[in-house]
Amino acid sequence: MRDPQLNKHGELQHLLTLDGLPREILNAILDTAAPFTEVAEREVKKLPLLRGKSIFNLFFENSTRTRTTFEIAAKRLSADVVNLNVSTSSTAKGESLLDTVDNLCAMQADMFVVRHAASGAPVLIAQHLQNTGRDHIHVINAGDGRHAHPTQGLLDMYTIRHYKREFTNLTVAIVGDVLHSRVARSQIGALRTLGVPEIRVIGPKTLLPTALEQLGVRVFHDMREGLKDVDVVMMLRLQNERMNGALLPTPQEFYKVWGLTAEKLALARPDAIVMHPGPMNRGVEIDSAVADGAQAVILPQVTFGIAVRMAVMSMLAGQ
Amino acid sequence: MSNLDAEALCAQLIEQMRPQVSADTALVGIHTGGVWLAERLHLALGLKQPLGAIDVSFYRDDYGSKGLHPQPQRTEIPFNVEGAHVIIVDDVLYTGRTTRAALNELFDFGRPACVELAVLVDRGGRELPIGARYCAHTLPQPLPASQSLQLERAEDGTFALRLIDA
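Those protein sequence lines, which keep their order, are chains A and B.
The opening position of the first sequence corresponds to residue 1 in full-length UniProt numbering, with each subsequent residue numbered one higher.
The opening position of the second sequence corresponds to residue 1 in full-length UniProt numbering, with each subsequent residue numbered one higher.
Next up, chain B with everything else stripped away, as it sits in the complex (with noise of 0.2 Å):
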């Protein structure tokens, strides 16, 4: 998985994206991950709507199971959502309920016009009807659910993949 060249997927996620904006298009990262990747792709595709971010701490699905989130951090939508083109942003597309619950979050600032995903990687593993209008790999086989993927940032910035094993 280390072949994984994130700082290559992310230039050429930036390429699929390119023709499908306009200067009004609004990105949504979703915490941590998916923060960095859009703060990367709002510069390299010169929007013009401040940047938002979700943390989805408060429309989680497992919060009946597993509590609340350590340390959840602020939402911020610092445009107007209602009749937006906006694009929600993650690292990594897994079981499609981070999206789910990025999504209702959103609906409660109001109803953009339309809403589609972006992603570095698709890892599988889907268990809702979830999917990505930019995505610039998609892993041959689902990873096991014992591993877990994600993007880290270094010092200055440079991306990278990181494979985890539980």
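Looking at chain A on its own, in the form it has when it is part of the complex (with noise of 0.2 Å):
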């Protein structure tokens, strides 16, 4: 079976997860956003391409950035755009997840981004929409339960390519809940494709999924440690919605122990950057010093979204 994001001719359709995703696209999706980021600069903000497309982003979860950025990369390649907070509307009523969908393809949609708190529903709508022959609509993953965050790792690796140019000298730590973080998965699986040579992960035993050792990284339960000497610090937020049980103490203590501190920083290289996804928890993954500190490079990751987005829109609805 072929993967369900690539088109018979190998491009891309959907963008569904980064793993298995070849370097080539990886890479061609990275080219391609470099000149998007030129457009928020100019007197007219915005491009033509999707000129009468329709966008419905659907979000069956909460999420202000995520939507406000795809939002704006939709508007920016003038899209029109829809946005269906789904966990307030018709599902409440009972309408079935590709009910859902069938009634907005009746509105033409031309692409759905979907951000769904369980893993996999992407992947079901974009199989829904080969089965019933409609590969014209393109489906984008904004997040879906533990799975996957594609864009978002997308975003990462075009800031660290910004900063860094090169992905084959680097040593990149992700530190903090990744057993709850389908940013980390997606981090993962696009660091090791572009050939980053060394991924630390760093965090408790109770938020490191177990034989993490496979997909290929070195895994750190002393914070020091894993952060001596590295490029690249990406930290996770604490996903307290996400847990069941106690798998903490508190979050003071968890400070104490995880947070990213100016003196913790002070162990990887003096060029390091310091990245987050948002939104932070000041004082419980990170300190608010290092979070507004010149190591930081958050609130562009944030601006490199948006031309992200708005590569992979028009790469989509060009195919």
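Just so you know, the hints here were simulated from the structure itself, not pulled from any lab data.
Heads up, the beta-carbon is just placed ideally off N, CA and C, and yes, glycines get one too.
Accuracy of the hints is not assured; some may be wrong.
Keeping only pairs whose Cα atoms sit at most 30 Å apart, straight-line, the calculated DSSO-like set for lysine-lysine is [as the list claims (entries may be wrong)]:
| # | chain 1 | residue 1 | chain 2 | residue 2 |
| --- | --- | --- | --- | --- |
| 1 | B | K48 | A | K8 |
| 2 | B | K48 | A | K75 |
| 3 | B | K66 | A | K46 |
| 4 | A | K45 | B | K66 |
| 5 | A | K164 | B | K66 |
| 6 | A | K205 | A | K228 |
| 7 | B | K66 | A | K8 |
Far from chain B, some chain A residues (derived; all Cβ distances over 10 Å) [what the hints assert, rightly or not]:
| # | residue |
| --- | --- |
| 8 | D80 |
| 9 | G120 |
| 10 | A262 |
Listed next, with one range per pair, are the computed distances between beta-carbon atoms [as the list claims (entries may be wrong)]:
| # | chain 1 | residue 1 | chain 2 | residue 2 | range |
| --- | --- | --- | --- | --- | --- |
| 11 | A | P249 | B | E82 | 56 to 64 Å |
| 12 | A | Q319 | B | E127 | 24 to 32 Å |
| 13 | B | D62 | A | H221 | 53 to 61 Å |
| 14 | B | R74 | A | Q319 | 20 to 28 Å |
| 15 | B | R74 | A | A106 | 37 to 45 Å |
| 16 | B | D61 | A | S288 | 17 to 25 Å |
| 17 | B | P129 | A | E11 | 55 to 63 Å |
Reconstruct the complex from the two isolated chains, following the hints.
Have a look at this one:
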């Protein structure tokens, strides 16, 4: 069976996960994103590429930043954007996911941007569209359960490339709640594909999935040891809302051991960059002095995220 | 077609443009051949405004049928377009669609006072009401659509025009 996100010519039809996506496609997306960054500085922040296309932001789970950046990306490409906060609409009345999709297709949708609490929901939609002969409609996964968040992974790669130029000589550390993080999964897959020689994962045993080493990463349970000489520190958010039971003592306790402070960051290379997918819990996983410090590239990540999403949308809609 | 001497045409184009430009004239090259040519013109004409470059990938009218061009380049307009005298530079003028796309893109940066077009060769085959104010050579017969004519730049910077059979 072919990768459900590629069409029969091997081009990107949907963006569902970064797992298994060839390096050429990853690089093509990053290369395409670069000229889109310039659009934000123009008098008219708009390109005509997706004029006349209808994009539905289908958010079954709350997210302000991701939905907003997808919306801005689509609008800067001149698409018509409809935001559906599905948690408060038809599903509450009992409509199934695929019935919702069929109804929106009947409204001439060209693209769905899907966020769902269940892993695999965007794949299900993509397969449904394929099975019903609607190959011209594209799906972008904007985060599904603990599975994947490919555009976040891509914007992280874009950010690293922007500041570090090359991937093949880097040591990258991912720190924190990997267990609940779809972002971490997308990051690890992309970093490996792009040839990062050393990927480290740093966190408490209770927040790291088992068998992490099989993904080709080095696992550290001591933050100071793990941060030594790294080029990139990718912090994760402590996902309180996805936790069942007591995996942690208290946020204060977590901060003491796993929070990124200036003192711990000093163990990394002096030119190391600090990333965070947001929203940040200041004083839990990251200290304000670091989050607002000279090494933080957290706000540029947001800006690059718009260009990366513009690139993905225009590559998909042009297939 | 190999009898077209790109270097001689370039020298002619410079002499055509010289009396018409002032130090404030701004040049914008269209990727890729147009940018090379614009660099040469900019230097030879001694223009003071920084050189601009446009990649029309995001403005092409065949996006719907052909998709996004691979590896688009950054568009850079490093001068204030508002009220400027702008000359768009391309190596070869054909259907006029690329010029149309470049005009649309340019206007998203502001309202220029006037826009002109300079090309090395007009190969005929226009599909839009577009003409070049400065043109070093017009082919006596339009080239067939199966052929493509493009500027090439050698490592030492020398220009050549190459005809390719698709």
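Outcome of the hint check:
As the CA atoms of K48 of chain B and K8 of chain A are separated by approximately 51 Å, the hinted pair breaks the 30 Å bound. Proximity of K48 of chain B to K75 of chain A is assessed by CA-CA distance (about 36 Å); at most 30 Å being required, the pair is judged violated. Distance restraint check for K66 of chain B and K46 of chain A: the Cα-Cα separation of roughly 21 Å lies within the 30 Å cut-off, and the hinted pair is therefore satisfied. Using a Cα cut-off of 30 Å, the hinted pair K45 of chain A and K66 of chain B holds, with the two alpha carbons roughly 24 Å apart.
For the hint pairing K164 of chain A with K66 of chain B, the CA-to-CA distance comes to about 33 Å; that exceeds 30 Å, so the pair is violated. This hinted pair checks out: K205 of chain A and K228 of chain A have alpha carbons roughly 19 Å apart, not beyond 30 Å. Taking the CA atoms of K66 of chain B and K8 of chain A, the gap is about 16 Å. The hint holds against a cut of 30 Å. Listed as outside the interface, D80 of chain A is consistent with that label: its C-beta sits roughly 16 Å from the nearest C-beta of chain B, beyond the 10 Å cut-off.
With a cut of 10 Å on Cβ distances, G120 of chain A stays outside the contact zone with chain B, its closest approach being about 28 Å. Residue-level check passed: A262 of chain A sits 35 Å from the nearest beta carbon of chain B, beyond 10 Å. Between P249 of chain A and E82 of chain B the C-beta distance comes to about 60 Å, which sits within the given range of 56 to 64 Å. For the hinted restraint 24 to 32 Å between Q319 of chain A and E127 of chain B, the CB-CB distance of approximately 25 Å keeps it satisfied.
For the pair D62 of chain B and H221 of chain A, the beta carbons lie near 55 Å from each other, so the given range of 53 to 61 Å is met. Take R74 of chain B and Q319 of chain A: their Cβ atoms lie about 23 Å apart, and the range 20 to 28 Å holds. Our hint of 37 to 45 Å for R74 of chain B and A106 of chain A holds, since their Cβ atoms are close to 40 Å apart. Range check, D61 of chain B to S288 of chain A: Cβ separation about 50 Å, and the 17 to 25 Å hint is violated.
At about 35 Å, the CB distance of P129 of chain B to E11 of chain A disagrees with the hint of 55 to 63 Å.
Hints 1, 2, 5, 16 and 17 from the earlier list are contradicted by this structure; the remaining hints agree with it.
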